[in-house]
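A.B. asks: Sequence:
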Amino acid sequence: MDPKPPLRSAKLTGNRQNSSSLLSKTLSDASTQNLSSILNNPHVSDSSWSGWWSSSSTAVQIPDFAPLSGTKTTSGGVEISRSDFASYLTSVSDQYNRFEDIRNHSNNERSKDSKDDVNYASDCYDRVGEALVECLKEVPALYFKEDFALEDGGTFRAACSSVGDNDVLQEKLTQYLDVVEVHLVKEISLRSNSFFEAQGQLEDLSLKIVEGCGRIRELKEKIRVLDGDLVDSARQIQELKVTRGDLLALQEKLRVVLYVNQSLAALKLLVASADCAGALDVTDDLKHFLNGDQLTGLHCFRHLEDHVAAAINSVNSILSAEFLRVSVNDAGEKDAVILSKAKARIASPGTEEDNDEYWDQEDTSSFHDRLLPLIIGLLRTAKLPAVLRIYRDTVISDMKTAIKSVVAELLPVLLARPLDSDFKSGDRIVDSDGGGSSLANKLRNLSSESFVQLLETIFKIVQAHLLRAAEVKKVIEWMMSNLDGHYAADSVAAAIANGALTAEISSAADGQSGPSSLSTRKNLIKVSPATSSSNLSKNFRADVLRENAEAVFAACDAAHGRWAKLLGVRALLHPKLRLQDFLNIYNVSQEFVTATEKIGGRLGYSIRGTLQSQAKAFVDFQHESRMTKLKALLDQETWVEVDVPNEFQAIVDSLFRLESDSEDDNHSKSIANSYNEVVTSSAEQVNNTKTKNGQAKSSAHLISFRGVGYHMVNCGLILLKMLSEYIDMNNFLPALSSEVIHRVLEMLKFFNTRTCQLVLGAGAMQVSGLKSITSKHLALASQVISFVHAIMPEIRKVLFLKVPEARKGLLLSEIGRVSQDYKVHRDEIHTKLVQIMRERLLVHLRGLPQIIETWSRVDETEIQPSQFAKSLTKEVGYLQRVLSRTLHEADVQEIFKEVTIIFDIQISDAFAHVDISTPQAKARLNCEIQHILGCIKSLPSAKLNIESGIPIAGQLEALVKRISSAESDQ
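Residue 232 in the working numbering sits at position 232 of the sequence shown, with consecutive numbering throughout.
To be clear, the hints were calculated from the coordinates, so they are not data collected in a lab. Be aware that one or more of the hints could be misleading.
[Stated by the list, open to error] Quick list of in silico lysine-lysine cross-link-like pairs, PhoX-like style, CA-CA up to 20 Å: (1) Lys442 - Lys400; (2) Lys961 - Lys922; (3) Lys474 - Lys538; (4) Lys253 - Lys287; (5) Lys832 - Lys776; (6) Lys404 - Lys343; (7) Lys629 - Lys721; (8) Lys874 - Lys897; (9) Lys897 - Lys832; (10) Lys922 - Lys870; (11) Lys797 - Lys721; (12) Lys749 - Lys721; (13) Lys832 - Lys797; (14) Lys400 - Lys576; (15) Lys442 - Lys565; (16) Lys823 - Lys749; (17) Lys253 - Lys241; (18) Lys172 - Lys137; (19) Lys576 - Lys442; (20) Lys749 - Lys808; (21) Lys341 - Lys404; (22) Lys870 - Lys937; (23) Lys474 - Lys598; (24) Lys802 - Lys616; (25) Lys808 - Lys771; (26) Lys631 - Lys721; (27) Lys629 - Lys797; (28) Lys208 - Lys220; (29) Lys565 - Lys404; (30) Lys631 - Lys749; (31) Lys874 - Lys776.
Taking the hints into account, I'd like the entire structure generated from these sequences.
C.D. replies: Rendered as structure tokens:
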């Protein structure tokens with residue numbers, strides 16, 4: 001520190017006075033602290049200061065100072081000069097000189113002892129902490145714990161455990177305290193040098209701070225003077241320029257206010273006049289202002305966003321209502337025309353149906369022109385997807401209402417017509433209350449023809465509505481994807497882009513309101529054009545196209561549901577209809593499903609399921625009734641041959657022609673149609689024959705297939721007719737082809753089994769009243785079984801045309817087993833015929849011994865065949881006549897071949913033991929054998945032996961030779 005710090009005059013202001021007082025207080029406190037520290041410095045000897053401090057001759061007498069007098073300045077401060085401190089300097093000059101001498105002496109001594117001080121400081125540094133270590137050694141660790149408290153019981157007992165007397169304890173504690181204090185003082189003395197060095201540095205820092213603050217004040221004053229001299233004029237120019245810019249911005253803002261105000265007035269007029277395109281143009285301009293910063297801070301337009309939103313909502317309402325009116329509600333006129341024509345056809349059944357097109361080119365073009373501006377407007381507001389959802393619900397409701405209106409309009413007219421004979425007596429369902437007033441019962445009371453007319457009218461109404469919906473879909477798809485070269489292409493593209501952005505903004509701001517939604521919209525507008533406008537357009541297009549397609553799908557589903565409901569009301573009646581009547585309903589339903597699926601582009605699973613279930617119910621009911629009828633016919637069958645009407649021959653001819661057609665053309669799909677055409681043409685030929693000549697023969701004795709005639713009984717013809725009906729079911733109900741084949745196989749199995757029970761098992765004697773089962777019965781049964789077995793491959797070809805490939809293998813194996821059963825049955829009948837002759841032979845052989853006993857008599861002159869031979873050959877001849885008239889020649893030959901073998905063996909065995917020792921016996925035996933051989937040679941089986949060179953009856957002929965050789969020997 002300088003011994004004489006310089007004093008300088010200064011112009012003291014109020015702030016400077018405060019700063020000086022604060023500094024004076026800081027120095028006063030520092031001096032007090034320094035004095036106490038100096039007095040307690042352990043490193044300074046007492047003799048150095050005691051003389052100066054205690055000597056009365058050197059004591060400084062503090063003079064009394066009068067207040068300083070100074071001249072006041074204009075700013076309110078006091079001007080102080082160096083002369084004001086003259087009296088003070090005179091009074092302290094002697095003491096100050098003495099202080100300077102002492103301090104110089106001290107500095108000299110300090111320089112001499114600097115090395116000693118360094119060594120001493122090093123020693124002190126090394127000894128830092130030793131006192132505390134010694135303290136810890138002398139005082140137990142118990143007393144240094146953080147939670148040490150003698151009032152604690154455990155601590156108190158631990159402290160007193162080694163001391164028995166309280167006085168001793170107090171003395172010990174006092175000793176511990178003294179030890180700690182002594183060691184603490186030592187530690188403080190070791191660390192005192194650093195403390196005093198820091199104190200000195202703090203004093204120097206305080207002085208430098210005071211000096212720096214003064215210099216800062218001077219710089220501020222200089223800058224203030226320079227501002228006034230150099231910068232004020234330039235700043236005024238800048239302020240005037242800013243003011244001019246503010247005025248221009250205000251003028252522009254006022255113009256914007258005027259334009260927005262006029263736009264709001266025009267917007268109200270445009271919305272009121274339903275000019276949606278103009279209103280949307282205005283709203284686009286206003287949204288442009290809202291999205292920008294032109295209207296920021298204008299309180300008068302704080303509700304502008306709400307006004308624009310309300311106007312857009314009004315425009316959306318107008319566009320939505322007009323879109324629904326054009327696309328849906330205008331279809332009422334077309335419905336009325338269709339209904340009037342349907343009523344006219346019902347009133348005049350001979351009226352031909354007109355095939356007017358629902359949409360011509362002019363109507364389509366006009367319809368497109370009406371929809372185009374509406375769709376563009378809805379695209380601009382991004383409301384087209386939402387309106388399409390409303391449109392979908394409206395189309396569904398309109399479809400249901402239209403169908404309901406058709407039923408309500410036509411049902412009274414159809415019920416007024418006379419009933420036809422669709423049902424058997426008792427099949428028609430009547431209302432439980434007898435009134436039949438419910439809609440469901442009115443529908444059930446309709447004849448099949450009337451119900452078909454109702455369905456056809458509904459079909460036309462639904463088709464008209466769906467075609468209108470399809471046109472709407474086509475227009476939207478055309479606008480969204482392919483407008484190149486159209487005059488509205490640019491408008492549509494801009495509308496799609498604007499709508500996509502609006503939709504994204506609405507989605508992002510969903511759940512927000514006020515400033516947050518506005519800021520969100522501004523951010524999206526800034527980001528979208530550069531990053532994701534194409535993606536937004538793609539997503540928006542996809543949303544529109546999806547909702548557009550869903551509307552048509554929903555309309556088709558609604559129509560399918562109503563149609564299925566109408567079919568479901570009559571679900572109990574349809575299985576009982578005639579095949580043609582059911583097919584009329586099924587076909588019109590199938591055409592309806594196909595047409596609606598083509599328009600909607602989606603399969604109608606519900607209506608197809610309903611049709612499938614009703615068709616299956618029809619097949620099941622028809623099969624059940626036919627099985628019942630066939631069982632009754634078989635039980636009543638007397639197995640008498642009947643003539644074959646031409647209609648049955650026509651069925652067989654159709655099967656034969658189908659085979660040749662399939663071999664020539666190899667078009668399996670045309671076989672079913674060929675079958676229907678052949679049956680129809682044959683039936684027409686039969687009717688024409690009856691018409692031209694009432695006496696003409698309309699039946700034949702045999703039914704012919706592939707040039708082979710078959711004798712038939714009544715149940716066989718009925719079975720053929722039923723098989724023909726099943727083929728019709730298979731052709732017209734291709735989805736149930738597998739079910740029909742199963743029913744056919746079930747019927748064939750039942751016919752085969754029941755025929756076997758009635759004929760071979762002689763069951764006909766109990767159920768039909770036959771006295772016996774004759775060979776004639778067996779032969780006719782064989783013919784029927786053979787005929788069914790013969791036509792089975794052709795039936796299989798026709799039935800398997802509609803069967804899926806996956807199921808053909810199983811069905812083929814099953815029908816193969818049925819065919820084999822028929823073959824086995826036929827063979828069993830032939831075996832039964834052979835067995836009959838064998839049994840008759842055995843019966844006659846029982847009486848042969850008595851006849852042989854008479855052969856030795858000599859009184860008889862004429863040798864004739866015995867009764868055995870005559871009866872046997874007579875029965876064989878009868879069987880031959882019966883079988884030859886009924887069975888095929890090949891079957892007769894095989895049967896009599898077996899009979900010949902049995903006769904040869906059995907008769908040879910019987911005659912081999914005859915005693916032919918007498919000439920009479922030899923002659924009679926020879927006569928018997930020759931008679932039997934003549935009968936055998938006259939049988940059809942003899943041709944087989946002649947052709948093969950095998951003897952007809954080898955054993956009998958050998959016996960004749962043996963007899964002849966015996967006679968020659970005699």
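A.B. asks: Does each hint hold? Answer for all of them.
C.D. replies: Now for the hints, and whether the structure bears them out:
no.	hint	verdict
1	Lys442 - Lys400	holds (19 Å)
2	Lys961 - Lys922	holds (12 Å)
3	Lys474 - Lys538	holds (19 Å)
4	Lys253 - Lys287	holds (16 Å)
5	Lys832 - Lys776	holds (12 Å)
6	Lys404 - Lys343	holds (16 Å)
7	Lys629 - Lys721	holds (12 Å)
8	Lys874 - Lys897	holds (17 Å)
9	Lys897 - Lys832	holds (14 Å)
10	Lys922 - Lys870	holds (18 Å)
11	Lys797 - Lys721	holds (17 Å)
12	Lys749 - Lys721	holds (16 Å)
13	Lys832 - Lys797	violated (32 Å)
14	Lys400 - Lys576	violated (29 Å)
15	Lys442 - Lys565	holds (14 Å)
16	Lys823 - Lys749	holds (12 Å)
17	Lys253 - Lys241	holds (18 Å)
18	Lys172 - Lys137	holds (15 Å)
19	Lys576 - Lys442	holds (18 Å)
20	Lys749 - Lys808	holds (19 Å)
21	Lys341 - Lys404	holds (18 Å)
22	Lys870 - Lys937	holds (15 Å)
23	Lys474 - Lys598	holds (14 Å)
24	Lys802 - Lys616	holds (15 Å)
25	Lys808 - Lys771	violated (45 Å)
26	Lys631 - Lys721	holds (15 Å)
27	Lys629 - Lys797	violated (26 Å)
28	Lys208 - Lys220	holds (19 Å)
29	Lys565 - Lys404	holds (12 Å)
30	Lys631 - Lys749	holds (12 Å)
31	Lys874 - Lys776	holds (16 Å)
Of the numbered hints given earlier, the model fails hints 13, 14, 25 and 27; all others are met.
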